[in-house]
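All chains, please: the whole structure from these sequences, using the hints.
Numbering (the working numbering), first residue to last: 9 to 187.
Keep in mind that the hints are not guaranteed to be accurate.
[As the list claims (entries may be wrong)] Taking lysine to aspartate or glutamate and the DMTMM-like style, the derived pairs with C-alpha atoms no more than 25 Å apart in a straight line are:
1) Lys176 <-> Glu162
2) Lys46 <-> Glu155
3) Lys147 <-> Glu45
4) Lys93 <-> Glu51
5) Lys34 <-> Asp76
6) Lys44 <-> Glu155
7) Lys34 <-> Glu22
8) Lys133 <-> Glu161
9) Lys44 <-> Glu161
10) Lys66 <-> Glu45
11) Lys66 <-> Glu25
12) Lys174 <-> Glu162
13) Lys93 <-> Asp48
14) Lys66 <-> Glu20
15) Lys177 <-> Glu155
16) Lys34 <-> Glu65
17) Lys166 <-> Glu181
18) Lys176 <-> Glu123
19) Lys34 <-> Glu51
20) Lys147 <-> Glu136
21) Lys166 <-> Glu180
22) Lys174 <-> Glu123
23) Lys177 <-> Glu123
24) Lys34 <-> Glu45
25) Lys37 <-> Glu25
26) Lys137 <-> Asp182
27) Lys127 <-> Asp182
28) Lys174 <-> Glu146
29) Lys34 <-> Asp48
30) Lys137 <-> Glu162
31) Lys137 <-> Glu181
32) Lys137 <-> Asp48
33) Lys133 <-> Asp182
[Claimed, not checked] Now the in silico label distances, taken between C-beta atoms and shown as ranges:
34) Lys93 <-> Tyr183: 53 to 63 Å
35) Leu29 <-> Thr81: 15 to 25 Å
36) Ala163 <-> Asp19: 37 to 47 Å
These are calculated hints, taken from the structure and not from any lab test. Just so we're clear, the structure is a prediction, and the values are computed from it rather than from any experiment. From the three backbone atoms N, C-alpha and C, an ideal C-beta is built for every residue, glycine too.
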Amino acid sequence: MIIFLASLNFDEREFVEKLFLRLNFKMYKVAFNILKEKSDTQEAVANSFVNIMESIEKIMALPCPQIDPYCVTIVKRESINIIRKRKNLVVTDEIYQIADEKSTEAEFILNIDIEKLVKYVNRLKLLEKDLLILRYAEKQSYRQIGEVLGISEEAAKKRGQRILTKLKKYYEEDYGNEK
Numbered sequence: 009m010i011i012f013l014a015s016l017n018f019d020e021r022e023f024v025e026k027l028f029l030r031l032n033f034k035m036y037k038v039a040f041n042i043l044k045e046k047s048d049t050q051e052a053v054a055n056s057f058v059n060i061m062e063s064i065e066k067i068m069a070l071p072c073p074q075i076d077p078y079c080v081t082i083v084k085r086e087s088i089n090i091i092r093k094r095k096n097l098v099v100t101d102e103i104y105q106i107a108d109e110k111s112t113e114a115e116f117i118l119n120i121d122i123e124k125l126v127k128y129v130n131r132l133k134l135l136e137k138d139l140l141i142l143r144y145a146e147k148q149s150y151r152q153i154g155e156v157l158g159i160s161e162e163a164a165k166k167r168g169q170r171i172l173t174k175l176k177k178y179y180e181e182d183y184g185n186e187k
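This is the structure:
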């Protein structure tokens, strides 16, 4: 990070320092809300500031009201990337932990073979995988998922339902309507 700071001109360095003072705590809170671990949170914030420094000219060109939300979006994406790395896209062990949920979606996931589920999940788009990871592996509420993805709680819930419907469809394509 120090190397990046050294490569910036005076105005850019001053801009980054002001951003850091203004947003460091907010970005930490956002990342911690997603990651729930101090070391991962610190990594997300540090990586976010590196990304900010790499894109400093673009960020400085933004209108003032857009700068903070843009930087918060960077830390959200970085946090999701850390989850993705940590979970390696699909966490088969933790899929079993949704058994305590009394929903038909949870029943569906538990009733199919884990290898099949992994195959179906790998067919999903990256954002859909992220939602599943946040919901079932990280045990986040739809409200929290909505905050991370920048959508409403209801939209997150609807996306979750559509993703599970898609997984059911993949299963039924392979095995018919029987469970």
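Each hint, compared with the structure:
1. Lys176 <-> Glu162: 21 Å, holds
2. Lys46 <-> Glu155: Holds. Lys46 to Glu155 sits at ~19 Å (cutoff 25 Å).
3. Lys147 <-> Glu45: 14 Å, holds
4. Lys93 <-> Glu51: The hint holds at about 12 Å.
5. Lys34 <-> Asp76: Holds. Lys34 to Asp76 sits at ~10 Å (cutoff 25 Å).
6. Lys44 <-> Glu155: 15 Å, holds
7. Lys34 <-> Glu22: 19 Å, holds
8. Lys133 <-> Glu161: Answer holds: Lys133 to Glu161 is near 20 Å, not above 25 Å.
9. Lys44 <-> Glu161: 20 Å, holds
10. Lys66 <-> Glu45: 30 Å, violated
11. Lys66 <-> Glu25: Answer holds: Lys66 to Glu25 is near 16 Å, not above 25 Å.
12. Lys174 <-> Glu162: Holds - the C-alpha atoms of Glu162 and Lys174 are around 18 Å apart, at most 25 Å.
13. Lys93 <-> Asp48: Roughly 11 Å between the alpha carbons, so the hint for Lys93 and Asp48 holds.
14. Lys66 <-> Glu20: Between Lys66 and Glu20 the Cα gap is close to 11 Å, so the pair holds against 25 Å.
15. Lys177 <-> Glu155: 28 Å, violated
16. Lys34 <-> Glu65: 22 Å, holds
17. Lys166 <-> Glu181: 22 Å, holds
18. Lys176 <-> Glu123: 14 Å, holds
19. Lys34 <-> Glu51: Since the Cα atoms of Lys34 and Glu51 sit roughly 15 Å apart, the hinted pair holds (cutoff 25 Å).
20. Lys147 <-> Glu136: Between Lys147 and Glu136 the Cα gap is close to 15 Å, so the pair holds against 25 Å.
21. Lys166 <-> Glu180: Holds - the C-alpha atoms of Glu180 and Lys166 are around 21 Å apart, at most 25 Å.
22. Lys174 <-> Glu123: Holds: Lys174 and Glu123 sit about 17 Å apart, inside 25 Å.
23. Lys177 <-> Glu123: 16 Å, holds
24. Lys34 <-> Glu45: The given pair, whose Cα atoms are some 16 Å apart, holds under the 25 Å limit.
25. Lys37 <-> Glu25: At roughly 19 Å apart (the allowed maximum being 25 Å), Glu25 and Lys37 satisfy the hint.
26. Lys137 <-> Asp182: Holds, because 20 Å separates the two Cα atoms, which is no more than 25 Å.
27. Lys127 <-> Asp182: At roughly 11 Å apart (the allowed maximum being 25 Å), Asp182 and Lys127 satisfy the hint.
28. Lys174 <-> Glu146: The given pair, whose Cα atoms are some 21 Å apart, holds under the 25 Å limit.
29. Lys34 <-> Asp48: Distance ~15 Å between Lys34 and Asp48 Cα, so the pair holds.
30. Lys137 <-> Glu162: 18 Å, holds
31. Lys137 <-> Glu181: 20 Å, holds
32. Lys137 <-> Asp48: Roughly 20 Å between the alpha carbons, so the hint for Lys137 and Asp48 holds.
33. Lys133 <-> Asp182: Given that 25 Å is the threshold and the Cα spacing comes to 19 Å, the pair holds.
34. Lys93 <-> Tyr183: 53 to 63 Å: Between Lys93 and Tyr183, where Cβ atoms are some 32 Å apart, the hint is violated.
35. Leu29 <-> Thr81: 15 to 25 Å: 19 Å, holds
36. Ala163 <-> Asp19: 37 to 47 Å: Given range 37 to 47 Å: holds, Cβ gap about 39 Å.
The structure is inconsistent with the numbered hints 10, 15, 34, although it conforms to all the rest.
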